[in-house]
Amino acid sequence: MLLSAILLPVILAPFAYFFERWAKYLSLVAGAFVTLIGAIMWLKYPGHGFAFEEFYPIFPQWDFNLHLGVDALSIALITLTGIIAILVTLSSWNMPRQGAYFFLILVFLGAMVGVFASLNYLWFFIFWEFTLVPMFFHIGIWGAEQRIYAAVKFFLYTHLASIFLFLAILLIFINTGHFDFIAIKQSNIPLELQKVIWLLAFIGYAVKMPVVPFHTWLPDAHVQAPSPISVILAGLLLKMGAYGLLRWNIELFPQASKFFIYLMLAIGVITVFHAAFKALYEDHVKRMVAYSSINHMGLVLVALATLTAVGISASIYEMVAHALIISLMFMVAGYIHHITGTWYISQIGGGLMKKVPFIGVLYMLGALGALGFPGTAGFIGEVTAIYAAVEKFGWTMLVLPFSAVLTAGFFFWAIRRMIHGAESELVKKLHVHEIPWVERIPLMAYVALFVFLGIFPAILFNFINNYANTLGKVLGG
Amino acid sequence: MNCVIFSGLLFLSFGGLLVPIIGNLFKLSKEWILNLYMLVFLIAGLLFVYGFGNGHPLFPNLFTTDTVSLLMTLFVWFTGAVVLLTIYNTLKDVENLPEILGVFTISLSGAIMTLYANNFVSLLVALELMTIPSYYLILARLNIITLESATKYFFNGALATGFYLLGLMVIYSIAGSFEFSAVNKALASADHLGLIYFAFGFIALLAALGFKLSIAPFHFYAPDVYTGAPASVAAYLAGIAKSAAAIPIIRVFFEAFQFQKEDWAILLAILAVVTMTVGNLLALAQQNVARILAYSSVAHAGYLLVGFAAAASGLAVTGIVYQAAAYVLMKAGAFLIVTLLIYYYGIKTREQLRGFAKVNPFMALVFTILLLSLAGVPPTAGFIAKVYLFQAAVDAGMAWLAFIGLLNSAFAVAYYLWIIKEMYLEEPSNISKPADTSFVIPTAAVGLLAALTILFGIWVTPIVKASLAFTQLLPF
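Chains B and E, in that order, give the protein sequences. Numbering-wise (our numbering), the first sequence opens with residue 1 and increments by one. Numbering-wise (our numbering), the second sequence opens with residue 1001 and increments by one.
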């Protein structure tokens, strides 16, 4: 079943290329299929450990086998992958050169499921690295003015980071003779070596997440990418980093993770505030959202750094919440650029609400979600993350809510300057093109999903509860 | 070498000898000559396939037969057929095309022969059979550039042979035999003076084989020769000939000098670092696509050396074999695409490639796959080769070497990616579609090579199994 979720998009990809008219429908089918698989697994998941395991031996002597298996964490992220794929397809309904575009989306989707489902470290790395290729073309071909610079920077930066991860994988294999998750977990690697491996892999994951000081590729990539691809970047690609850190570092090496607890915490807190202040200073609509995205990933890292059951639950929840909220913000930022023709808030100069109320309202809803307004998923995510941090590290972590204040600051300031106020010259002269109804669906879906998840957080928390508790016990004991 | 493989080799070399004569006698058209060559390749290929496990061993003290040589034979043979097709397509206007194809076929039989050599003399014969015809191949189009290229290659080749004979002489003087296994035995019991002689001989041999592999500091000829020669011939020299030379080096190193292979680890590790760094840094500075690939082939020789430096690890042989096998496919394939680019589109530099993907999407896709494989991006054979090589380095206790190698391969991505960037991301310049559309068949053939790089990036079993079986034969 899992293999079909990887292979179906990849098999459909060439058809999308050659039958350009049907490409978007094929992408929709693949996204729906992945969502369906995710939903089935969600409902049938026995509650603990890895389930739905599939084992395809390729070269067992070298432990090079496609071992697929999922637990609550992977199922949640695979389902998210499917949902985001559907919404991205709808958002890209009117993209130029659809054949090639959806070919790459489909190939990417397959690799993405592979990342979340693979229990073999080498296969995980294969899928992980391969996701760069479609993203490179997406940013480079369909991006904005500086797209080529951004695409090359994105590829080189993340590829360079991956070699540290790769070295960690090699060290693991040499010392255990296994790539397989379960086998590595059972073998005992000396603690000193664990720390080296942990740190090397952490560099790979930290760049992908991204956290300070490895975050500089992200604003460029996000700003230049077309909006649907920004959604994929923020919604899925960044999750890969957090997922890898949780699954292949924290879960695999609990002892080493405890050693690096304050490293993670420090980087997380610095990321949260660095990104918030950078966003405050930003005049660029999309770059501001990008920094807000880094800010949230910093919070995910802080929650992970607690290494408690609450923290892990919070980080997973925050990952999903971030995917939904920031995706909306990226889409809306893209539409604002599309409508006004400029990226800069100061050039827009106010009054968008009168001209395009739909976009104005969505921007405000997204901002509310991002700053953690009660009733949205952002609120639950931030509150639980901060609660976990305070519980573990004491009252000093009460500085974290101030990042939400900063987020409120830059978003509301942007709303004041851009959405409300008197219509500026630029806005008055606009000929507004209506956003096609197909492209409105995903925007409203994001809002619906993050409000729904904000009101019923138990759906996700109950599902990952067992996973977080088990892991929390391992890390606590 | 068993008799079936040997008959396949004879078929190739005599085919190369006889087809031009037959063509002259019967006044055959060029198409027919190509068909005859394809027939020769087909029969030889069938013999090679049949030679797996069949046939009586021949010349046991000159040639051996093992899984790696059989497997590499198939790789070299298949890639050779694709190169032949491309040479035919891009040198169609040359008058003595039948002879060029014949010389190529003979040289290819030499390349296959090196895979089996088990003796310093037979190795020399095989290497010369491979090299000497290639001087003629470089001169397929006689002009000042190819002349320079051929002269450089000739003098370097002659120098390499000189070094080889020097080393051989010294080693024979202590070992009293040319056979790899006998040399190993004799050297293991050599006295102090004998070991000094041996060290001298080893270094001379290393220099000779270093020329063939274009290891720094013997790499200077490589870019000039590979860019000066017709690109299809460069595909043969850089892709097939170099890879074929890697296999006998495994034998020399792991069989003949087995008893103290680890003592040279540091020297080889340093050479590996220098070679790959020089290759990658110089490749970054190039504009000419063929030159980029030429320098990248220097860098790849460095990755190969990582395997030799990590000889203490049982994974090293697998790494070298995987690298050699992957390298045949991807480097020859990439050079063949460059051949087609030069011949049909007149594209030589990176900038002229601008927007090429819109002009010929299939060729651009094939080139992209091959470049990504060279860069070591999964899921390609180039990636698996790097996994094994660097794994061996870590296993041999040289994690620093693996790290430098990985760092190098990460920087190397820049120039491969740059070519891809020019093809896909930049707006089209004025590349005109060629009137001659005969590029379809060779492009499809190179497409097969690209498909194989992906196949062997996932299905690792055949190459790894072959090399593990080979490792067990070695006296570890």
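There could be a bad hint or two in this list.
Pairwise CB distance ranges, derived in the manner of DEER restraints [as the list claims (entries may be wrong)]:
(1) B:Pro-60 <-> E:Leu-1017: 44 to 50 Å
(2) E:Lys-1358 <-> B:Glu-434: 27 to 33 Å
(3) B:Lys-185 <-> E:Ala-1469: 29 to 35 Å
(4) B:Leu-193 <-> E:Ser-1189: 37 to 43 Å
(5) E:Lys-1358 <-> B:Gln-146: 54 to 60 Å
(6) E:Gly-1397 <-> B:Gly-409: 29 to 35 Å
(7) B:Ile-441 <-> E:Lys-1358: 55 to 61 Å
(8) B:Leu-193 <-> E:Ser-1438: 53 to 59 Å
(9) E:Lys-1465 <-> B:Ile-40: 24 to 30 Å
(10) E:Lys-1465 <-> B:Thr-396: 56 to 62 Å
(11) B:Ser-187 <-> E:Lys-1358: 49 to 55 Å
These are computed hints drawn from the structure, not numbers from a lab. Being a predicted model, the structure only gives us computed values, none of them experimental. Even glycine gets a Cβ: it sits at the ideal position worked out from N, Cα and C.
What hint numbers does the structure not satisfy? 5, 6, 7 and 9
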